[in-house]
Amino acid sequence: MNPLELTLGIMTAVGGFVDISELVFAAKAGSAFGYALIWVFAFSTIGIIVFSEMSGRVAAVAKQPVFNLMRHRLGLKLGLVTLAASIISNLITCAAEIGGVALVLNYLTGWPYLLMAVAMTALLIASIWVLPFKWIERAYGLLGLFMITFVVALVAIHPPWDKIAGGFIPQVPHGLSTKELLTFGYFMVAIVSAVMFPYEVYFYSSGGIEEEWGPKDIMTNRMTAILGMGLGSLLAIAILSNSAQLFSGINVDPEIPGSAALEAAIPFGKWGLVLALLGMFFAIAGAAVETCMANAYSIAQFFGWMWGRHKKPWEAPRFTMTWIVLFLAALGIVLTGVDVMMLVEFAVLFSILVLPLTYLPLLLLSGDKDYMREYVNGPVAKGLGWLYFAIITAAALAALPLFFLTSGGNG
Amino acid sequence: MRRVWFLLALAACSKGPQADLQYIKQARSAGAEWALVNEQASAGKLTATYVGSMHQWLRQQIQTASSGLTEPDARYAIEMQALLSQPDDAAPEELRAHVAKLKQIEDSLESA
Amino acid sequence: MKPDGKLKLVSELLDLPLLDSEGKYCGIVDDVELVGGAGKDLELKALLVGPGAYAGRLPRLAMWLAEKIAGNRITRVPIDRIRSISGSVQLDRPGDELGLHRSEKAAGKWIPRRGAL
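Chains as they are written, first to last, in the numbering used here: chain G, 8 to 418; chain P, 37 to 148; chain D, 206 to 322.
It should be emphasised that the hints constitute simulated quantities derived from the structure, not laboratory data. For each residue, glycine too, the CB sits at the ideal point set by N, CA and C. Do not take every clue at face value.
With a straight-line cut-off of 27 Å between C-alpha atoms, the simulated DSSO-like cross-links for lysine-lysine are [as the list claims (entries may be wrong)]:
#: 1; chain 1: D; residue 1: LYS310; chain 2: G; residue 2: LYS376
#: 2; chain 1: P; residue 1: LYS51; chain 2: G; residue 2: LYS186
#: 3; chain 1: G; residue 1: LYS84; chain 2: D; residue 2: LYS314
#: 4; chain 1: G; residue 1: LYS319; chain 2: D; residue 2: LYS250
#: 5; chain 1: G; residue 1: LYS318; chain 2: D; residue 2: LYS250
#: 6; chain 1: D; residue 1: LYS229; chain 2: G; residue 2: LYS223
#: 7; chain 1: D; residue 1: LYS229; chain 2: D; residue 2: LYS245
Output of the computed footprint for chain D on chain G, the stretches with three or more beta carbons under 8 Å from beta carbons of chain D [what the hints assert, rightly or not]:
#: 8; stretch: 14-28
#: 9; stretch: 183-195
#: 10; stretch: 246-259
Let's have the full structure, built from the sequences with the hints guiding it.
Below you can see the structure in the form of C-alpha cells.
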C-alpha cells in the first residue's frame, strides 16, 4: 500500500463526498430540525461505505465492473430495467449538478445562469477529454477540499458541541405535529437517498477497474471507502450544524444553494464566502463528472463496449460519444429553465426509488463465491449489507407518499 | 393512520389557505434570507456580485410563491406583494417586519 | 471451462462479456446458436452478439424499441473461436477478424484524435 496514493485517494473521497443534493438537504435539515437529523447522515454514510467497499472489492477481485457482472447475474430483461432506471436517475442528478454549479458560478461572477450552464458543460467535457482518469478524479476531489471551509466556519461560530454530539444518537424530536413528523420522515428518506446515490457506487467500482485494482488493493479500497467517505460526511454534517446554529432561529429555510455559502460568510466575511463558493464549485462539478461518467460506464459495460478514461477518447469511441451525449442531455434539461431545486428534489426522489435495484445485484455479486473466491462478503459486510438493503427498500416504498404529503418537504 | 390518509387526500385536491401554506413558507423563508443577506452585506461581509445574484434568486422565489397562490387576494398574498415591492437593498428590519407577518399567518394556519 | 465441455447455458454463458485475443471488450453474449432437436443432444454452434440477438429474450414492444435505437444486427462467433470461458468469454482472434468491432470503428470516425493527455 503506497501511503501517498492512499492519502490522495482518501482526500479525493473526502473532497468528492458532497454534491448539490447533500448540500441542499443538509442546510434545510439543519434549519428545520436543528441537530436532530445528524444521525441520519451518519447512518447513511455507513451504508454508502458498506456498498462502496463491496463494489470496489468486486472490481478488484472479479476484475470486472459491476454492470458487466450485473447483467450476467440478473439476465437481459431485469438488467435492462435496472440500466434504464439507473440512466434516468443519473441523468436527472447530472442535470441538477450542472444547474448547481452554474448557480455557484453566477454567485461568483454575476454572469447569466444559463450561459454559465453552457460554459460549465463545455469545461467539464473538455476536462474529461484532456485529462486521464486519475487526474480527473484527483483534480475535482482534491479541489473539493475547499469545502473544509464549512468545518472551520462551524468551529468559529462556537456551536453547542454537546447538542451536535447528541445529534448522532438516533432520535425523533418530541412534540412534533403529524405534518412535522411526516416532514421529518421525508428528510430522513431524502438524506438516505442523497448520501447513497447509485452513481457513487458505479463510479467507484469502475474507477477501481480504471486504476487496475487487484486483490492486493483490497485494503486500499477498504480504507478509502471508510476514511474517505467517513470524513467526507463530516463536511455535510458541518453544513447541517452551521445551518442549525445560524438559520433556525431567524425563519430561514435555505431554498437555494447560495444560502449555504452564508454559513462561511457570517464568521469570516468575504474570504469565507469565496472559499465556500469555490468548495461548492469543485464539489458539485466533481459530482457532475461522476454522475455522467457513471451513466456512460453503465451503458458501455452493459453492452460490452470498450470503455474507460484510462484509454484515449478515440480508443473507446462509443463510450466517448456516450458521455458527451449524456452531458449534452443533462444540459438540455437545465436549459429548459426547470428550477435547480426541483431537479434536486426529483434526483433524490428517483434515486431512492431505484436504490434497491442498484444495491441488490451488488449484494448478491459480492456474496457469490464463484466470483469473489476467498474475498466473498464476511459476516459484517453480509449483515450490514442486508440491513441497509432492507432500510433502503423501506425508504423507497415511503418516498412517494411522503413527497406528496409534505409537498416535497415544505410541510 | 387515518390522519395520514386524510392529509394525502388533502394534498391531492385542496385549495385555499392550507394549500397555500407551502408558498407562504417559501416566501417567508426567502424574505428572511433576503434580510440576512442585506444585514451581512451592510457589515461588509459579502461580495457585491454575490449579493446581486442572491437578490435576483430570492425575488424569484417570492415571485414563484406568489404566482402559485390559490387565494391571490388573501392577507398573505398582499404581504408577499409588499415584500416584492421592497428595493433590493431594503433595510433588514423592514424585510423582517413582513417576514414576521407571514410567519404569524403560517403559524396560525399550521395550528388550525 | 472449455466450450466443448458441459455448460449451464443460462447461468454460465449468456450475458458474459466477450474479450478478444488483444484483451479488448467486443460485446456481450446476447444469445447462442444451438443445433439438435427434440430427443437429441443439443450442441452449441455459435455465440450471437448484437441487438438482433435479443429477439428471443425480450417482449415484443421492448424488442421493437431496441431495434429502433440500436438496429437488429447480429454477429455470429463460431464456437471454435472460443479459447476459454470464465468470468468472460475469451476469444482466440482479434475482434476485427470476427466482425465484432464494426460499430466501434464506425463511431471512431466521429472522434478527433487529438487533445488527450
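Problem set entry | Ascending list of hint numbers which this structure does not respect | 1, 3, 4, 5, 7, 8, 9, 10
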